[in-house]
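**Q** Here are the chains, one letter per residue:
Number of protein chains: 2
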Amino acid sequence: MPKVAIAGAGLVGALNACFFAQKGWDVEVYEFRPDIRQMEHVPGRSINLALSFRGKSALEAVGLKDYIVNQGVELSARLIHDIDGETLHRQPYGQPGEHIVSINRRHLNEVMITEAEKFGNHKFNGVKFFFQHKVIKVDSRKGILLVNRIKEGDQVEVEADLILACDGAHSAVRRSLMTFPLFQFSQEYIAHGYVELNILPKNDKFALEPNVFHLWPRGDFTLIALANIDKTFTVTIFAPFELFEKEMSTEQKVVSFFKCNFPDAFELLGERHIVETFNRVRPLPLVSIKCEPHAFHGKVLLMGDAAHAMVPFYGQGMNAGFEDCLVLSELLDKFNDNIPTTLDYYSKTRCKDAHAINDLAMYNYNELKDLVNKTLYKIRKTFDLSMNRYFPKFWIPLYSMVTFTRIPYHQVILRRKWQDKVLRRTIYSTVLIVFSLFGAAVWKRHHQSIVQVLLAGLRRLEQRRF
Amino acid sequence: MPKVAIAGAGLVGALNACFFAQKGWDVEVYEFRPDIRQMEHVPGRSINLALSFRGKSALEAVGLKDYIVNQGVELSARLIHDIDGETLHRQPYGQPGEHIVSINRRHLNEVMITEAEKFGNHKFNGVKFFFQHKVIKVDSRKGILLVNRIKEGDQVEVEADLILACDGAHSAVRRSLMTFPLFQFSQEYIAHGYVELNILPKNDKFALEPNVFHLWPRGDFTLIALANIDKTFTVTIFAPFELFEKEMSTEQKVVSFFKCNFPDAFELLGERHIVETFNRVRPLPLVSIKCEPHAFHGKVLLMGDAAHAMVPFYGQGMNAGFEDCLVLSELLDKFNDNIPTTLDYYSKTRCKDAHAINDLAMYNYNELKDLVNKTLYKIRKTFDLSMNRYFPKFWIPLYSMVTFTRIPYHQVILRRKWQDKVLRRTIYSTVLIVFSLFGAAVWKRHHQSIVQVLLAGLRRLEQRRF
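Chains as they are written, first to last, in UniProt numbering: chain A, 1 to 466; chain B, 1 to 466.
Okay, chain A solo, but in the shape it has when bound:
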């Protein structure tokens, strides 16, 4: 059986381990951090995760879907909180029954590592996790990973038939490929950062309605809240770094900022918790990464955030990463485990999709900030959902295509453009027809008098003699 070396035991690395363990490959995973199952506190970003159809499909393929979904909280709509602290607006995500699942990053990661190990035990070839092993760089031509063994204090070379770089937005593997011929790359930090807070249960119950995505859109800054299964809410504020500096730099300022802008959330978060959090942490940045190709020398593949870190505003980061694993597995099956052919095909098709979801996430950055409150946006949303109810295959709203289908992301954009065109033409034609009919009706009744008015005018003009 071929051997796969995976850089990173995060969500995408661990899921890849499951896939390849299931195939019976020899699997080795190298992870910088200690085993998170034994860690007390896991540093780094969380932003609650929203599992949608693409992610679920990938989990299903390794038999983990039901187990994971049962430990999450279903969300079926956005609930917009007005600035008065009372008025709420509900925007369903899709048709009744369509929902996403709010899930805990750490728990998900732990489950997948354990499952990958279990898979390994059933087979001749094992799955080995090497924690506190930091991947330094790759030799893509030879298929060799250079790994720092932190505890031992030495370096080892790991050779494999296939190397999967799942080492996140700041991928060391990708960094060592920067001089690969014609490697297109960009990393763009947006002006917004984020800070995470928590809302505790109230009398052992959810303090807010649990099965919705809570949203406090305030133009250039936004608060969101997602329920966890332990009845807490993970709350995230997104704002420009400048605004954090200006309006949230002292205890007094941050309290009055939350009180003014999110009065209802302020009550639930509590003044002390807000102050403590802002004293403890600095706002974290958000980066959008695009690159092409994703495959190198038929041996190395960038996946997940290493290939396409995106801003979190479409809730698709993890889902796109999980779909990467599923697509790779499907292609290996299609090409009979021929690694170079698979990688070549994967890169050619998946890059387009990665760019597309990156763009969509950036587009939603604006939508979440502000658009959700615009009338025209709401009308379109309602129209799309009604159309979808009557023509479920023919007309799928943008959000639903991304969230509730596996239509390749780049086709999602093409289909949306087509919908826009159809809609525009329908509106133009309707306006034209209505006006023509109206015009004809008026003409039929009044044409004589119209001509007479014109004639009278011209006669007067003639008499004035310039």
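No lab work stands behind these hints, which were simulated from the structure alone. Only a predicted model underlies this, so the values are computations on that prediction, with no experimental measurement involved. Accuracy of the hints is not assured; some may be wrong.
Just so you have them, the derived chain B footprint on chain A, three or more residues with Cβ under 8 Å [stated by the list, open to error]:
| no. | region |
| --- | --- |
| 1 | 164 to 178 |
| 2 | 328 to 340 |
BS3-like, lysine-lysine: derived pairs with alpha carbons at most 30 Å apart [to be verified]:
| no. | chain 1 | residue 1 | chain 2 | residue 2 |
| --- | --- | --- | --- | --- |
| 3 | B | Lys151 | A | Lys134 |
| 4 | A | Lys334 | A | Lys348 |
| 5 | B | Lys246 | A | Lys299 |
These stretches of chain B come out as covered by chain A in the derived footprint (C-beta under 8 Å, 3 or more residues) [claimed, not checked]:
| no. | region |
| --- | --- |
| 6 | 146 to 158 |
| 7 | 167 to 180 |
Beta carbons: idealized from backbone N, C-alpha and C, even for Gly.
Based on these hints, arrange chain B on the given structure of chain A.
**A** Relative to the frame of chain A, chain B by itself:
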């Protein structure tokens, strides 16, 4: 005196060495390659260099301008070669006397290294060049370069008050800064590659007119030729990689491609030379790099291609890099050698200029390919030059601002936009006035008859009775 460590002894690194040697700083330069003054063949890209005002100003500041300029060939116009192999069109670059200087990269580099060493000898602190010392990475917080000593086979740490990364488009220093917070970065390879050829002297004379920039624009591909002081011409073909694959992949194909598209150049290059070159080399890629900031922790500065590699179509790569050195030197003087303040100010202002010249170079990519043959482009060019003759301060053509002034690149773009606006408004106003006058004249002579015709028409309409 403070110590500066420079990564790279290429054009920008060597010029920086001159500047800091002149200031009397302690200067160390680390270069991966052996001393080019002792090398027989220098690998890597050349594309003949065109020295213009910004580059000259920087050389002048270290007293090297006249020496260098005297060893180059002055170019005062573009000479466009038609596909018939005979017709020529001349487009002057600027006013009489304005020109750029075609120069040999290697020679320039050698002179600067020698001069920097000489500077060093006059002062207490020396200038030391360490060849075959490969910079691996930087610790920007501590101000330490990690350097591989190739001959010794070991690594050393170099500490300095200021570290200048002049290690080119694939800068190792920049690569180790990729995870710096909010570091914006993109590298974009264009679809075109290039191959270099040579035209030898004919009877010990230039085979083509020497004091012009020869250009064979053919839509999607282009040939250029620049004279050297030894009476040869360096010839470069730019074409999409696809076209190299399709039309220049065999000896027969490449010969007929040159014969068809550049008949006059083909005669001078010679069939054998073309075939030999294309057998020996593969087309090289062209990359455009943008990043921000250029300064890190008040200690490290990216300069030249490491900060802003650009496509070569404005002939500004070297000039922008040289101007970097001049700007840095001027700012250090302004801020009394306060390094963090200087670096902070440099990065804030120079990034904008780097992005601007990057964009202009990409814009000229299209201009050189095709635009030079368009009538409207030629009219505008002539108009700009005439305006410039009468209003030399008020109206400077785009090319002249970039090439013959030190107006900051980002202001060049603003001024061009302003020119476009003035021109557009002048044209609109003129058209409006002409039409109004014409209309008034016609009306005065014919208004009665016009009204009569209208009246007659309406009467006929009325009589038809719908």
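**Q** Run every hint past the structure and note whether it holds.
**A** How the hints compare with the structure:
1. 164 to 178: holds (count 3)
2. 328 to 340: Check failed, 0 qualifying residues.
3. B:Lys151 to A:Lys134: holds (29 Å)
4. A:Lys334 to A:Lys348: holds (16 Å)
5. B:Lys246 to A:Lys299: holds (28 Å)
6. 146 to 158: Since 0 is below three, the answer is violated.
7. 167 to 180: Holds: 4 residues of the region 167 to 180 of chain B have a Cβ under 8 Å from chain A.
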